[in-house]
Amino acid sequence: MSEHSIPARIYYLVFATLLLLTLITVEVAFYDLGILTFGVALGIACFKAALVILYFMHVRYSSGLTGIFVAAGFVFLAIMLTFFLLDASSRDWQYQPDSSGFSMVRPS
Amino acid sequence: MSTTVEASHHSGTGENYLTAGYGLKSWLMTTDHKRIAILYLLSISLFFVIGGLFAVLIRIELLTPAGDLVSADSYNKLFTLHGLVMIFFFLVPSIPAVFGNFLIPIMIGARDLAFPKVNLASWYVFTIGGLFTFAVVLAGGVDTGWTFYTPYSSTYSKTAVGLTAIGVFITGFSSILTGLNFVVTIHKMRAPGLTWFRLPLFIWAHYATSLIMLLGTPVVAISILLVFLERVFGIGIFDPALGGDPVLFQHLFWFYSHPAVYIMILPSMGVMSELIACFCRKRIFGYSFVAFSSLAIAVLGFLVWGHHMFTSSQSIYAGMVFSILTMMVAIPSAVKVFNWAATMYGGSISYETPMMYAFGFLGLFTIGGLTGLFLGALGLDVHVHDTYFVVAHFHYIMVGGAIMGYLGALHFWWPKMFGRLYPEAWAKLSSIVIFIGFNLTFFPQFLVGYLGMPRRYHVYPDEFQIFHVLSTAGASILAIGYAFPVVYLIWSLVRGEKAGPNPWNAKGLEWTVPSPPTTFNFDETPVVTEEAYDYSRPVEGKVV
Ligand code: HEM
Ligand SMILES: [Cu+2]
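Protein chains in written order, with the numbering used here: chain A, 342 to 449; chain B, 1311 to 1854.
With the rest of the complex left out, here is chain B (with noise of 0.2 Å):
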């Protein structure tokens, strides 16, 4: 985009956000939403440590039939910290609370987000929600599964179901604040000439995702201290002992959870339309569709959560409802990856370690949502709800699409976060190596759920082991390729080669200023002229 900011009359001065302070309190107190992404980024990368040692015990146990690693109850908990750390503390907030809250701003040409304030104290609000988790797990963990599901939850359990439910209840208003903080910034603080319709469609995602989290992170907020309510009061909600309903539980978690999933997942569309974009050269064919099914998702993604509960006591009436509902849902995602390839075709594709992340997507996200067609189908659902292939169905959405997409994002935004280039070479390889790594863990867990493995069982009949077997070698080669990126990322800050304030020759505002960007993003405020995307047009300065 064309802009009133010359970028080359910032850089030289040195002075950027990660130089603007120095010390631990210019850390936690700042309100500069690259910081405040930064300190996410610290801390969500922590997160997903720890909820990968726990897929690590889970994968070792099941290397054989016998369960010989952990007893049947500390398997329940590994699974159930497993989930609730990797999608409360990792995937919820990845995407959202570290490139939404560094991006956001620069890419609408504002100087912060509209609550500066409200944003730090969303990550002090999360922090404190995860130091609950940390306590969980001191205080010997807990087996509902991240589902909570009554009555394991409340009148069978003997686990740290209270401190779990305090811990995800606050985190959740982490991310309303956050949801709130960006939609009144889309809203009210775009740059002049920048019309809803020519916003980088990342920001049509990061709307729908926080519209989202307004309107679901409540509900589930509820259902939890309804549950609390229960235990700790013995108020009849969920126990029929107490003239409550068990599968009102399912339906209030589910009504947030299912929108929930796509609060993981359109950020990941929104990082998809940028690389894209990007690599290829060319405006989103269909740029309108794609911006408006990202709310027709948000939207149709609330009307779909009864079916998760098929096999619930919830009635078959309901169950076809939810099921047509749930055949619908698929068709704005299948929207945009149809417009996404079309968007490649013809285009001036390069294959950079970003969009070879957005091609991992495109795959994995299109093979876990047709089997999410499958499980919404009421009857097949029936034969494998509750098997791996569930298990399956639901990593290749959000280990192959979400993650895909939050390391797209990594890789593509890191040259302007911390002024540096990572070595290429070595980023393509561990994403070659993830690709492959993904697939093998997962695929076979499609196949044994199919013939009949249930989840969340630690012990199984030995014909099954062969595909944990392959599972728990792809789960290795994973491992290895997430720790590459560790690796070479810090390296980079220290060694990497600097990085100029557009190294992709990309199109947006956020390309305009220099990298790292100072404080304030901009010095005067930019005015707007193109549509996003207008790769026809040279990027300043720069023949394409």
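Pulled out of the complex, with its shape left as it was, chain A reads as follows (with noise of 0.2 Å):
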């Protein structure tokens, strides 16, 4: 529990930088930056979740505890999108038994 007071300054800094990234998101929509397009939509709201959990939701002031149960959160989504991908990047891989045993193979 942080029981010190953060100065509003804070708060404020936080929600305006949230507002100008939130600008330059809708920017960029209007530039084609080819594959990077996804890539860059995805930091900058990356980078705004991470603000608002750090400061709005004082996790930056709170024990390590409570970071490591936020940390977890994360690591429990990557792990479902790590196998949501795994699924569907091979779904066109076909199983071929062969001298070995099997194998798995792209078709080409």
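Simulated from the structure, these hints should not be mistaken for laboratory data. For each residue, glycine too, the CB sits at the ideal point set by N, CA and C. Take these hints with a grain of salt, some might be off.
Claimed, not checked - Label pairs and their calculated CB-CB ranges:
{"no.": "1", "chain 1": "A", "residue 1": "346", "chain 2": "B", "residue 2": "1641", "range": "44 to 52 Å"}
{"no.": "2", "chain 1": "B", "residue 1": "1359", "chain 2": "A", "residue 2": "409", "range": "37 to 45 Å"}
{"no.": "3", "chain 1": "B", "residue 1": "1544", "chain 2": "A", "residue 2": "357", "range": "29 to 37 Å"}
{"no.": "4", "chain 1": "B", "residue 1": "1543", "chain 2": "A", "residue 2": "357", "range": "43 to 51 Å"}
Stated by the list, open to error - Selected chain B positions facing chain A (Cβ under 10 Å, derived; list incomplete):
{"no.": "5", "residue": "1493"}
{"no.": "6", "residue": "1526"}
{"no.": "7", "residue": "1529"}
{"no.": "8", "residue": "1539"}
{"no.": "9", "residue": "1561"}
{"no.": "10", "residue": "1615"}
{"no.": "11", "residue": "1625"}
{"no.": "12", "residue": "1626"}
{"no.": "13", "residue": "1627"}
{"no.": "14", "residue": "1628"}
{"no.": "15", "residue": "1629"}
{"no.": "16", "residue": "1632"}
Taking the hints as your guide, dock the two standalone chains into a single complex.
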């Protein structure tokens, strides 16, 4: 528990940053960044989320234990996405029996 | 455990948490964890009866090969509501919300949970979710199966999926609040001297359960919300016509729902450790292994969900990975079972009712777990997926495991909760009736499933009838077995003999306070000086 008060200035600063980043998100949507489009949008979004979690949700000023629990949420999110992608990226792999037992082959 | 509190000097004053206030308001506005536990006990008992009635109708319909009692559509609604009510409104909250709520603070020497008001809020949230489910029934039911698979729940559904989705979504938050409360309480409010490795294993199991509730439940809430968004706003998430992927729904759903099956069984495993230690008069063999296996189950349980999707269009490669991981999750479960068996070895075993349920759990959970391995084997599952074999598997675990644990807990802590003893002979008899009824109900389902009877059909070929007749006969016995405790437990509230603080001569802080406990549990904070289950030392003032 953080009993020490956080100066209001910090909150305004974070709020302004969030607004600014929102404007940037809108702005970059008008440029064709090719393969980067997705990464840039997601990068900005994650940065914003981090600000909210650290400052508005006080995780920055909380105990290490709270930090561990917050991090655990993201670890499990990562696990979920990893396995989703594992499935999605190997849907067309074929199972092929051969002399060594079997192997998975990607159709070329 | 030895404490600074003397049990005897409370009893006699007559003041306890049940008599601390009268009237509806004193219950509906209570923040006492013990009263909230009782509120949950009443609510989930109601849901158990409702879910049971759906099951009765299902079993009667299946008595004959023809679809004579209900139409196909009504049958779909029956099994959906049965699963929905039993899982989300009975099994998930059962042990944590009733016994976890009641016992966690007392077992760790605290006066209440960390957030008493949040605790009460969780019951209200649960109740609101429950009201939505009643509304679903009034609105004509829902037919997607408890799994809400798209496109049954999206493109092709004409039933009350929206209402159901809201109900389950809301109820999920009551789990999250309970889990949060338990985690904070267990971290922050243990009595002096009560180190992590002195905690009763019931606490470890609830800690692991709470982690799953916190990490998993938001995902099912979000997936249901996504279905809702797709239905209402036509956003393409699961519907291929809109650019979505129906299998994505199964991924999201099972990411929560496989861990959720451990939400249902882990607390029951915690109960087992308490029962077996008490009725074998021994410390649990390999305490730390049993403690850590709960955490291992919580973590590994998140890595195996794809075993529900072997026959969907999930890739074979992903299927292989999930199959291997599924074999691994059986290890911590087996660690527990072997350690309980080792605890019994050389123990001074007695056969009181709670222990009868513990025996039931051990055998039935083992059958359920081993058949889980059959299902986890990628090749074999292709044949038995979506047959009655699967139905039998998870009923062995959820009814044979989780509900046996629940009933064991109910009989073990009933004297603590209400200060009355129940008639032991009746209780023992009904535990036997339940065991027999259970096996007769579900064992034939393994056979008929293996022979090819699919789940979720109300019409079937004649040659399967014998198995269904056996199963329905078993279900009737089971229903009688469940009715007994309702009668004698209620009877005991009025006529039962008064229970002392420690009717089982058990170890643990909850047995050092009066039965029923006072509102604040302890007059002085207890100081813990010994390990859990130290039955080698006499229980205070008594020779064991
Ligand atoms: C010991 C480890 C376990 C293993 C290896 C295992 C494995 C499996 C597998 C592979 C399936 C999918 C079968 C299919 O649909 O074809 C399955 C289904 C199921 N299991 Fe288990 N299981 C285990 C423990 C549990 C536990 C502890 C519970 C509940 C408390 C449980 C509840 C269920 C349920 C509810 C289903 C069916 C869900 C549905 O399709 O409606 N299982 N299990
Ligand atoms: Cu599973």
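Hints, one by one, checked against the model:
no.	hint	result
1	A:346 x B:1641: 44 to 52 Å	49 Å, holds
2	B:1359 x A:409: 37 to 45 Å	41 Å, holds
3	B:1544 x A:357: 29 to 37 Å	36 Å, holds
4	B:1543 x A:357: 43 to 51 Å	32 Å, violated
5	1493	8 Å, holds
6	1526	8 Å, holds
7	1529	7 Å, holds
8	1539	19 Å, violated
9	1561	5 Å, holds
10	1615	8 Å, holds
11	1625	4 Å, holds
12	1626	5 Å, holds
13	1627	4 Å, holds
14	1628	4 Å, holds
15	1629	9 Å, holds
16	1632	8 Å, holds
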